[in-house]
Amino acid sequence: MFKASTFFLLIFALLVASIPSFADDQKTKQVVDQISKMYISSMVFLFKQQWLINQKGGDKSELFSTKFINNIKAAYEEKYQEDFPKAEHKAQKMLLQAMIEVMEDNRPILTDADIGFKGVIPATFASQLGRKLAIKGMGLKIKFTRMKEGIRNKANIPDAWESAMIEKIIAAPKIYYDANAIVDGKTVYRHFTPLPMKSYCLNCHGTMADNPLNKGKDEAQWTNIDMTGFEMENWKITDFAGGISILMEKSSLK
Amino acid sequence: MIYFLVFFLSFSLNAATIKVGLVDYPPHIDFKKPLNDSKLFHYINDVFKREDLQVEFIQYPNKRGLLELKKGNIDLLLPYEEPEESVKIFSRPLFYSVPGLCFTKDKFIPILSALRQFKGLRVAIPPGAPVVSVLRDSGAILVNMQGSDIINRGIALTQFGRVDAFYHPSPLKVYYSGIKRYKEVACSFFHGYETGVFIAASPKMTEKKFNLLNDIFNNALDKLSYEYYFAR
Numbered sequence: 001m002f003k004a005s006t007f008f009l010l011i012f013a014l015l016v017a018s019i020p021s022f023a024d025d026q027k028t029k030q031v032v033d034q035i036s037k038m039y040i041s042s043m044v045f046l047f048k049q050q051w052l053i054n055q056k057g058g059d060k061s062e063l064f065s066t067k068f069i070n071n072i073k074a075a076y077e078e079k080y081q082e083d084f085p086k087a088e089h090k091a092q093k094m095l096l097q098a099m100i101e102v103m104e105d106n107r108p109i110l111t112d113a114d115i116g117f118k119g120v121i122p123a124t125f126a127s128q129l130g131r132k133l134a135i136k137g138m139g140l141k142i143k144f145t146r147m148k149e150g151i152r153n154k155a156n157i158p159d160a161w162e163s164a165m166i167e168k169i170i171a172a173p174k175i176y177y178d179a180n181a182i183v184d185g186k187t188v189y190r191h192f193t194p195l196p197m198k199s200y201c202l203n204c205h206g207t208m209a210d211n212p213l214n215k216g217k218d219e220a221q222w223t224n225i226d227m228t229g230f231e232m233e234n235w236k237i238t239d240f241a242g243g244i245s246i247l248m249e250k251s252s253l254k
Numbered sequence: 001m002i003y004f005l006v007f008f009l010s011f012s013l014n015a016a017t018i019k020v021g022l023v024d025y026p027p028h029i030d031f032k033k034p035l036n037d038s039k040l041f042h043y044i045n046d047v048f049k050r051e052d053l054q055v056e057f058i059q060y061p062n063k064r065g066l067l068e069l070k071k072g073n074i075d076l077l078l079p080y081e082e083p084e085e086s087v088k089i090f091s092r093p094l095f096y097s098v099p100g101l102c103f104t105k106d107k108f109i110p111i112l113s114a115l116r117q118f119k120g121l122r123v124a125i126p127p128g129a130p131v132v133s134v135l136r137d138s139g140a141i142l143v144n145m146q147g148s149d150i151i152n153r154g155i156a157l158t159q160f161g162r163v164d165a166f167y168h169p170s171p172l173k174v175y176y177s178g179i180k181r182y183k184e185v186a187c188s189f190f191h192g193y194e195t196g197v198f199i200a201a202s203p204k205m206t207e208k209k210f211n212l213l214n215d216i217f218n219n220a221l222d223k224l225s226y227e228y229y230f231a232r
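From first to last, the protein sequence lines are chains L and D.
My numbering numbers the first residue of the first sequence as 1 and each following residue consecutively.
My numbering numbers the first residue of the second sequence as 1 and each following residue consecutively.
Please keep in mind that the hints were generated in silico from the structure rather than gathered at the bench.
The model shown is predicted, which means the values in this text are computed figures rather than measured ones.
Just so you know, not all the hints are guaranteed correct.
Claimed, not checked - DEER-style ranges, computed between Cβ atoms:
{"#": "1", "chain 1": "L", "residue 1": "ALA220", "chain 2": "D", "residue 2": "ARG162", "range": "33 to 41 angstroms"}
{"#": "2", "chain 1": "L", "residue 1": "THR238", "chain 2": "D", "residue 2": "ASN36", "range": "52 to 60 angstroms"}
{"#": "3", "chain 1": "D", "residue 1": "ILE58", "chain 2": "L", "residue 2": "LEU52", "range": "38 to 46 angstroms"}
{"#": "4", "chain 1": "L", "residue 1": "THR207", "chain 2": "D", "residue 2": "ASP222", "range": "31 to 39 angstroms"}
{"#": "5", "chain 1": "D", "residue 1": "PRO203", "chain 2": "L", "residue 2": "GLY185", "range": "31 to 39 angstroms"}
{"#": "6", "chain 1": "L", "residue 1": "ALA134", "chain 2": "D", "residue 2": "ILE179", "range": "27 to 35 angstroms"}
{"#": "7", "chain 1": "D", "residue 1": "ASN152", "chain 2": "L", "residue 2": "GLN50", "range": "43 to 51 angstroms"}
{"#": "8", "chain 1": "D", "residue 1": "LEU35", "chain 2": "L", "residue 2": "GLN50", "range": "52 to 60 angstroms"}
{"#": "9", "chain 1": "L", "residue 1": "LEU52", "chain 2": "D", "residue 2": "LEU224", "range": "25 to 33 angstroms"}
{"#": "10", "chain 1": "D", "residue 1": "SER133", "chain 2": "L", "residue 2": "LYS168", "range": "33 to 41 angstroms"}
{"#": "11", "chain 1": "L", "residue 1": "LYS86", "chain 2": "D", "residue 2": "ASN144", "range": "51 to 59 angstroms"}
{"#": "12", "chain 1": "D", "residue 1": "ILE141", "chain 2": "L", "residue 2": "LYS90", "range": "41 to 49 angstroms"}
{"#": "13", "chain 1": "L", "residue 1": "PHE8", "chain 2": "D", "residue 2": "ASP52", "range": "53 to 61 angstroms"}
{"#": "14", "chain 1": "L", "residue 1": "ASN224", "chain 2": "D", "residue 2": "LEU67", "range": "42 to 50 angstroms"}
Said to hold, decoys possible - PhoX-like cross-link-like pairs, simulated, lysine-lysine; straight-line CA separation at most 25 angstroms:
{"#": "15", "chain 1": "L", "residue 1": "LYS136", "chain 2": "D", "residue 2": "LYS223"}
{"#": "16", "chain 1": "L", "residue 1": "LYS56", "chain 2": "D", "residue 2": "LYS107"}
{"#": "17", "chain 1": "L", "residue 1": "LYS86", "chain 2": "D", "residue 2": "LYS223"}
{"#": "18", "chain 1": "D", "residue 1": "LYS173", "chain 2": "L", "residue 2": "LYS60"}
{"#": "19", "chain 1": "L", "residue 1": "LYS37", "chain 2": "L", "residue 2": "LYS148"}
{"#": "20", "chain 1": "D", "residue 1": "LYS173", "chain 2": "L", "residue 2": "LYS93"}
Cβ atoms here follow ideal geometry from the backbone N, Cα and C, with glycine treated the same way.
Let the hints inform the model, and build the full structure from the sequences given.
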């Protein structure tokens, strides 16, 4: 009898002790979910604003500072039909600040009145943003990645966990999450959001027929080099486009 | 704890004035403009004044600044980007500089990770510049540049068609150089190859003082990074 009651007490104590940890995990999952959506929203905004980015001259103020963040907020709310997070978590604040910094880094070219295509596209923005966050060393890493083969930017090559998630996503597309991964000896949250292939991805990654540079030209004159200078990969709309991988050190949550 | 430490140690510094040497590094410190217009000046001034430390700023040409720092005539020197053993630097950078290529606008290559575009490209390299591996191994023809005025020389070489582009360790300096001809070129960056730009401390500074100032700076960065302060 004594043994049974001790056993039940122990189980109860374990359950109670696990509640804060479960709540922490749920809170973190929510924060990382929101970070993923913020990141995707910034890419959506930049895609939609390619006309402004590549315009020769004109008012570019919507691409900088607070205005830029306000535009990302609007893109977020339109895409996800929910309010933009208050960004109270330091990782979220850091992300928004880094977005402003990346656009500022690109200011000289964005405001160049003589250059048309400026190369500030969602993929390069995402890559610069990921790099900026990584070198800040604040425990937040974001990567826009896909299968290792044929990846354009070597910095985006997936690690073992990301490769495993990509395989899972191809079999069953959904967001994958690991609350207790270990990377470089540190406990981290990992999160992978698949991105669906869109027709605009194919402008650069599709076939020669998708290449806007070939529009209006005879087929014999078509090029398989896209506007960014890379060889096109002949992807189709049904192919896996890639995903957003987020890594957040648990120590950064304190 | 840090506040207590800072208070205690700053008191023990006998309300000393920190002498900060500034070198020209546009757009962060731009000698062509009044110092009051430079954001980095305001950032550093605020960081130390918040801790009740007096700061005296002195503007120097690059080499002279480093000499004064080594002699111990100034406590700090910034921005500082060529670490050498005899000079201490703060543990975290102020900001990062990203190398890149500058082209005449009709030959502009916006994304430098598309390496196939580099084959046969003639690129002028300034004397002593550490060329990023991706460019060295790209198939581009690297041409050594002569002279010290690398921005003017680089622009001239590209304009005369002697090269297709010139390399610069920090093309932002080209844009903010104040040279009117900068508008005739456009630069793109080797993202992923950035290097830190630091605050250097005099080798004559005591360990205690160095740690104090380094802690104050780190604490300030955690609250508001200089890069964000500049960009916001």
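Verification of the supplied hints:
{"no.": "1", "hint": "L:ALA220 <-> D:ARG162: 33 to 41 angstroms", "verdict": "holds, 35 angstroms"}
{"no.": "2", "hint": "L:THR238 <-> D:ASN36: 52 to 60 angstroms", "verdict": "holds, 59 angstroms"}
{"no.": "3", "hint": "D:ILE58 <-> L:LEU52: 38 to 46 angstroms", "verdict": "holds, 43 angstroms"}
{"no.": "4", "hint": "L:THR207 <-> D:ASP222: 31 to 39 angstroms", "verdict": "violated, 49 angstroms"}
{"no.": "5", "hint": "D:PRO203 <-> L:GLY185: 31 to 39 angstroms", "verdict": "holds, 34 angstroms"}
{"no.": "6", "hint": "L:ALA134 <-> D:ILE179: 27 to 35 angstroms", "verdict": "holds, 33 angstroms"}
{"no.": "7", "hint": "D:ASN152 <-> L:GLN50: 43 to 51 angstroms", "verdict": "violated, 34 angstroms"}
{"no.": "8", "hint": "D:LEU35 <-> L:GLN50: 52 to 60 angstroms", "verdict": "violated, 39 angstroms"}
{"no.": "9", "hint": "L:LEU52 <-> D:LEU224: 25 to 33 angstroms", "verdict": "holds, 29 angstroms"}
{"no.": "10", "hint": "D:SER133 <-> L:LYS168: 33 to 41 angstroms", "verdict": "holds, 35 angstroms"}
{"no.": "11", "hint": "L:LYS86 <-> D:ASN144: 51 to 59 angstroms", "verdict": "holds, 54 angstroms"}
{"no.": "12", "hint": "D:ILE141 <-> L:LYS90: 41 to 49 angstroms", "verdict": "holds, 47 angstroms"}
{"no.": "13", "hint": "L:PHE8 <-> D:ASP52: 53 to 61 angstroms", "verdict": "holds, 60 angstroms"}
{"no.": "14", "hint": "L:ASN224 <-> D:LEU67: 42 to 50 angstroms", "verdict": "violated, 56 angstroms"}
{"no.": "15", "hint": "L:LYS136 <-> D:LYS223", "verdict": "holds, 13 angstroms"}
{"no.": "16", "hint": "L:LYS56 <-> D:LYS107", "verdict": "holds, 16 angstroms"}
{"no.": "17", "hint": "L:LYS86 <-> D:LYS223", "verdict": "holds, 18 angstroms"}
{"no.": "18", "hint": "D:LYS173 <-> L:LYS60", "verdict": "holds, 22 angstroms"}
{"no.": "19", "hint": "L:LYS37 <-> L:LYS148", "verdict": "holds, 24 angstroms"}
{"no.": "20", "hint": "D:LYS173 <-> L:LYS93", "verdict": "violated, 29 angstroms"}
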